[in-house]
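Asker: Put together the whole structure using the sequences plus the hints.
There are 2 protein chains.
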Amino acid sequence: MREVLIITEPEKVKVLSEETRFRILQLLRQRPMTIWELSRAVGKDRTTVYRHVKVLEKAGLVEEIGTEGNEKLYGRTARLFLIKAEPDESVESFRQLYLQVEAERLVGILEKSGIRAKNREKLKKLIKEVLNEIEVNSQPIIKKVSESGVELDEVELFHLLNTLVFLQSCELCEKAKKMRELIEI
Amino acid sequence: MREVLIITEPEKVKVLSEETRFRILQLLRQRPMTIWELSRAVGKDRTTVYRHVKVLEKAGLVEEIGTEGNEKLYGRTARLFLIKAEPDESVESFRQLYLQVEAERLVGILEKSGIRAKNREKLKKLIKEVLNEIEVNSQPIIKKVSESGVELDEVELFHLLNTLVFLQSCELCEKAKKMRELIEI
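Here the protein sequences come in this chain order: A and B.
Residue numbering for the first sequence follows my numbering, beginning at 43 and increasing consecutively.
Residue numbering for the second sequence follows my numbering, beginning at 43 and increasing consecutively.
Just so you know, these hints were derived from the structure itself, not from any lab.
Quick reminder that beta carbons are idealized off the backbone N, C-alpha and C, glycines included.
Take the hints with a grain of salt, since some may be wrong.
Dumping the calculated DSS-like pairs for lysine-lysine here, alpha-carbon to alpha-carbon at most 30 angstroms [to be verified]:
1) B:185 x B:56
2) A:166 x B:217
3) A:126 x B:170
4) B:166 x A:185
5) B:166 x B:217
6) A:167 x B:126
7) B:54 x B:166
8) A:186 x B:126
9) B:166 x B:219
10) B:217 x A:126
11) A:100 x B:154
12) A:54 x B:154
13) B:217 x A:217
14) B:126 x A:217
15) B:154 x B:166
16) A:164 x B:186
17) A:170 x B:219
18) A:126 x B:167
19) A:126 x B:185
20) A:219 x B:126
21) B:185 x A:160
22) A:166 x B:126
23) B:126 x A:126
24) B:186 x A:160
25) B:170 x A:185
26) A:170 x B:217
27) A:86 x A:56
28) B:154 x A:56
29) B:185 x A:154
Taking beta-carbon pairs under 8 angstroms as the criterion, some of the chain A residues facing chain B (in silico) [to be verified]:
30) 144
31) 148
32) 151
33) 154
34) 155
35) 196
36) 198
37) 202
38) 211
39) 214
40) 218
Answerer: Structure follows, in structure tokens:
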């Protein structure tokens with residue numbers, strides 16, 4: 043299992059964006075499971091789950107990693123999947139959805155840490171815009187890294203993503219000013 | 043075990059910066075180990091390793107997580123330690139060292155991905171300066187998050203760190219221009 047897998051191709055993002063498959067990947071984060079276990083956990087019959095697992099396997103997101111009794115054990119191909127979708131019509135609604143979820147989580151972290159937003163909704167909207175802008179503008183480098191097959195660990199991924207944000211500093215300056223006005227540090 | 047632990051306090055960073063202790067933490071990333079196993083792996087006697095483990099335990103970086111035979115098993119308290127040291131004389135040389143290592147790794151990732159630097163040494167120096175600037179200027183928020191005890195997972199940590207870089211966009215713009223000139227995208 044790799045530490046990090048960056049997913050940019052719309053076809054793969056599409057595979058991920060289906061609800062049951064997304065759930066299966068989440069479950070496999072805890073530990074490898076058999077079709078039987080997955081089937082019970084997601085509440086769908088084994089044939090359906092098997093089909094989803096095969097789709098995930100074909101997309102390189104899941105792999106057989108052994109057996110338990112007579113059943114095959116499936117695991118994730120990476121501990122961390124980083125979804126950095128190329129903007130593409132077929133995944134646009136999923137992209138918007140996860141940017142929304144991520145903006146929400148981020149505002150939540152700031153709040154739990156005692157950093158208050160003057161206007162929560164405005165802050166969330168701004169963060170979503172920024173995440174979108176960064177994702178779209180980072181594509182050339184992200185794709186190069188992803189296609190090169192370089193194995194990154196989590197710390198290297200941090201640095202890489204931070205660098206991508208940093209590289210867009212000039213373009214992001216105005217939005218950064220706005221965000222600073224919206225939070226009390 | 044938590045996913046992420048952010049370490050800002052100079053005393054804890056100092057604990058981490060000692061070579062054998064750093065090695066012990068790296069070894070425990072793979073799996074929990076006994077003093078005996080650690081002692082063999084680092085090539086030091088058990089008493090020395092025991093003392094180091096106790097220092098790590100006191101700093102909250104290592105914990106007892108069970109026993110193997112008659113021996114205690116020690117594990118990390120988090121899968122990922124993020125060192126964001128407050129600038130402090132006592133850890134300054136370690137800070138400079140890890141910024142150096144991180145800058146080196148980042149240039150390496152870019153190169154392996156086919157992104158060439160026109161002047162490798164200049165790029166490394168620039169990245170190190172940027173990492174330093176970001177780390178120092180992020181302290182107020184990083185400390186708040188770290189002290190609040192919020193449990194972050196890796197993805198949340200990504201977003202948080204990216205946001206901290208983003209917030210400094212206006213200040214970083216000039217350096218971003220320089221870096222863009224140094225790499226071929």
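Asker: Indicate, hint by hint, whether the structure satisfies it.
Answerer: Hints, verified against the model:
1. B:185 x B:56: At roughly 17 angstroms apart (the allowed maximum being 30 angstroms), residue 56 of chain B and residue 185 of chain B satisfy the hint.
2. A:166 x B:217: Measuring from Cα to Cα gives roughly 28 angstroms; hence the hint holds.
3. A:126 x B:170: Judged against 30 angstroms, a Cα distance of about 26 angstroms means the pair holds.
4. B:166 x A:185: Holds, at about 22 angstroms.
5. B:166 x B:217: Roughly 13 angstroms between the alpha carbons, so the hint for residue 166 of chain B and residue 217 of chain B holds.
6. A:167 x B:126: The hint holds at about 28 angstroms.
7. B:54 x B:166: holds (27 angstroms)
8. A:186 x B:126: Between residue 186 of chain A and residue 126 of chain B the Cα gap is close to 29 angstroms, so the pair holds against 30 angstroms.
9. B:166 x B:219: Holds - the C-alpha atoms of residue 219 of chain B and residue 166 of chain B are around 15 angstroms apart, at most 30 angstroms.
10. B:217 x A:126: holds (25 angstroms)
11. A:100 x B:154: Status holds; Cα separation ~26 angstroms.
12. A:54 x B:154: With Cα atoms ~23 angstroms apart, residue 54 of chain A and residue 154 of chain B stay inside 30 angstroms; holds.
13. B:217 x A:217: Given that 30 angstroms is the threshold and the Cα spacing comes to 18 angstroms, the pair holds.
14. B:126 x A:217: Judged against 30 angstroms, a Cα distance of about 25 angstroms means the pair holds.
15. B:154 x B:166: Measuring from Cα to Cα gives roughly 15 angstroms; hence the hint holds.
16. A:164 x B:186: Holds, at roughly 22 angstroms.
17. A:170 x B:219: holds (25 angstroms)
18. A:126 x B:167: holds (28 angstroms)
19. A:126 x B:185: Given that 30 angstroms is the threshold and the Cα spacing comes to 29 angstroms, the pair holds.
20. A:219 x B:126: holds (24 angstroms)
21. B:185 x A:160: holds (21 angstroms)
22. A:166 x B:126: Distance ~26 angstroms between residue 166 of chain A and residue 126 of chain B Cα, so the pair holds.
23. B:126 x A:126: With Cα atoms ~26 angstroms apart, residue 126 of chain B and residue 126 of chain A stay inside 30 angstroms; holds.
24. B:186 x A:160: holds (18 angstroms)
25. B:170 x A:185: Within the cut-off at roughly 24 angstroms; holds.
26. A:170 x B:217: Satisfied, since the Cα-Cα distance of roughly 25 angstroms is no more than 30 angstroms.
27. A:86 x A:56: holds (20 angstroms)
28. B:154 x A:56: holds (28 angstroms)
29. B:185 x A:154: Cα-Cα ~13 angstroms, so holds.
30. 144: holds (6 angstroms)
31. 148: holds (5 angstroms)
32. 151: Check passed: Cβ of residue 151 of chain A comes within 6 angstroms of chain B, closer than 8 angstroms.
33. 154: Nearest chain B Cβ about 4 angstroms off; hint holds.
34. 155: Residue 155 of chain A check passes; min Cβ-Cβ to chain B is 4 angstroms, inside 8 angstroms.
35. 196: Holds, because the Cβ-Cβ distance from residue 196 of chain A to chain B comes to roughly 6 angstroms (cut-off 8 angstroms).
36. 198: This interface hint holds because 6 angstroms falls under the 8 angstroms limit.
37. 202: holds (6 angstroms)
38. 211: OK, holds: residue 211 of chain A within 8 angstroms of chain B, min 4 angstroms.
39. 214: Hint holds; residue 214 of chain A Cβ to chain B Cβ min 4 angstroms, cut 8 angstroms.
40. 218: holds (4 angstroms)
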